[in-house]
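Peer 1: In the order they appear, the protein sequences are chains C and S.
Going by the working numbering, the first residue of the first sequence is number 1, and it counts up by one from there.
Going by the working numbering, the first residue of the second sequence is number 1, and it counts up by one from there.
Calculated directly from the structure, the hints in this document are not laboratory data.
Just so it is clear, CB atoms sit at the ideal spot from N, CA and C, and this is done for glycine as well.
Any given hint could be a false lead.
To be verified - Label pairs and their computed distance ranges (CB to CB):
1) C:10 <-> S:21: 45 to 51 Å
2) C:49 <-> S:242: 26 to 32 Å
3) C:7 <-> S:271: 46 to 52 Å
4) S:115 <-> C:283: 29 to 35 Å
5) C:198 <-> S:192: 35 to 41 Å
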Amino acid sequence: MTRYIARRLALSLFVLFGVTVVVFGLIHLAPGDPARLMLYDTAPEEEVQAMRKALGLDQPLRLQYWLFLSGALRGDLGRSLYYKQPALRIILEHLPATVELTFAALFVSLLVAVPMGILSAVRRDSVWDYAGMLLATIGQAAPVFWLGLMLILLFSVQWMLLPSSGRGGIVNLILPSVTLGAPLMALVTRLVRSGMLDILGEDYIRTARAKGLAEQLVIYRHALRNMLIPLVTVVGLQLGALLGGAVITETIFAWPGVGRLVVTAITARDYPLVQAATLLVSVYFVAINLLLDVLYVYIDPRIRFA
Amino acid sequence: MSASRPETGNEKVPARKERLVARFLRSRRAIFGSLFLLTIALAAVFAEAISPANPEVIDMSHRLSPPAGGGASGKFLLGGDQLGRDMLSRIIYGARISLTVGVTAVLLSGTLGVLLGLLAGYYRGRTDETIMRLADIQLAIPTILLAIALVGVLGPSLRNLILVLGVTGWVIYARTIRGVVLSLREQQFVEAARALGSGDGRTLFRYIMPNVWTPAIVVASQQMGFMIIMESALSFLGLGVPPPTPTWGGMIADGRGYLATAWHVTTFPGVVLMATVLAVNFFGDGLRDVLDPRLRL
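For reference, chain C alone in the conformation it holds in the complex (with noise of 0.2 Å):
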């Protein structure tokens, strides 16, 4: 077990190196000059001079890359060009806010689409079932700017029911929450839904039938219980894509978290700031991604003993 956790330490490691190269490169596949590309067009020579300078850009590659590979892990990031501060400091005070939305996503879609699952595969073919599988659908194909902005039309400027942008209290958390969790709530529904379907078919699911337990009792200790590695496995697959749905989201709701920051740091070319936003997300990302590995241990018994 300790060889296992070791592993996948060992992995996440690696593949955040190979994360600070791609973010690195990331400037330089710029056409022309990267310190032209983040002044103007027609700046004069001895600004973009400058900004070489500054940015370290008149060093060789390999220095500058180890100079960018040594200043983040001492917890360098970069300067903001736009905001002249630390780029870490600036996205360390828009993080929680999307550690904050990209949770509630996540426990909303979950906490629609187990239940809806449930029913749907327990229920088969009823409405329940069918209504649940329109939804299901839905979700998966309304793209989320469209649907966030579907949403602040019916609830915020028709109904006036809740706020459409901003953060503070869960009011403010509901709309977003619901628009970025939509595409998950829809896999996750599927996913239940399908796996019940198997599993209430199996034979341990007919002995605890057998021996007269009840229907509930074999749906969720029995049945659920050997869902959870498949949902787990798929919840981590999804995380990239709720992150990368968290930078609309916000756009859209104008939640003040690191994906509008990163939109708007490319719309004022502040190509440090968006480096470092990309590396931190990226950190984020690997970082749950090993939790839930290390998670696999406790509900997965065969990897516990193996």
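Take the given structure of chain C and dock chain S to it, following the hints.
Peer 2: Okay, now just chain S, sitting in the frame of chain C:
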């Protein structure tokens, strides 16, 4: 089923293609998806002929005019946008960008992913390890975030959009194809080919590759909807094909500021976008169920 019937080669069995088409047509969803996609594709191709108006002509007298029937200026069937341009025509022309980017990005990422998957599965060892670790690294950066950063650096244009979406989408193909190749390479026909002196290149491309088309096509059809959504998301953020070219994502963004006064500007492009993605997904599901139901999630 026909499994018990001895095959003599003389029975009149319908060709494989006909059987597959018949099975595909049994799904109502697949039929709906195909028909809708065909409609959108035809609209995109013949946009000049069927558009009621020029999608880029500004006419402030129709600014935010409501869909036909409502208001004094019911000239446009789906209303006018914030610059008085015909929404319907813009939606028809917008299909061009969505479909072009969707198809080309899928082709590009599919080619790249299939090739890397073939190499990883066939050579195993260090090649496999390298390609799969690259995939891990790529997956550690949320796709849309990477795409935003890349388009931001390269500059928004149709070519860069296709390039970025094509290059960031290879992982799912590589992983799927690698798995298929890993089991294929142990099979007897591959062993036989090698015993007869077939080299690596010939074995890989002549004997193994024909067997990975089916999973590759299935994954591609499932990725198409994702690519269309990604294109519209980037356009929505102002990182897609620059205006005045109409894109569905860009149109939805245009309507953001007028939700209270002109709901139709945001709503209609989104409905068409969602229906298109739904149609692509239905088509893809139908294709998967016919070609290889084991690939079902």
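Peer 1: Now, for every hint given, state plainly whether the structure supports it.
Peer 2: Hints versus structure:
| no. | hint | result |
| --- | --- | --- |
| 1 | C:10 <-> S:21: 45 to 51 Å | 50 Å, holds |
| 2 | C:49 <-> S:242: 26 to 32 Å | 30 Å, holds |
| 3 | C:7 <-> S:271: 46 to 52 Å | 48 Å, holds |
| 4 | S:115 <-> C:283: 29 to 35 Å | 31 Å, holds |
| 5 | C:198 <-> S:192: 35 to 41 Å | 37 Å, holds |
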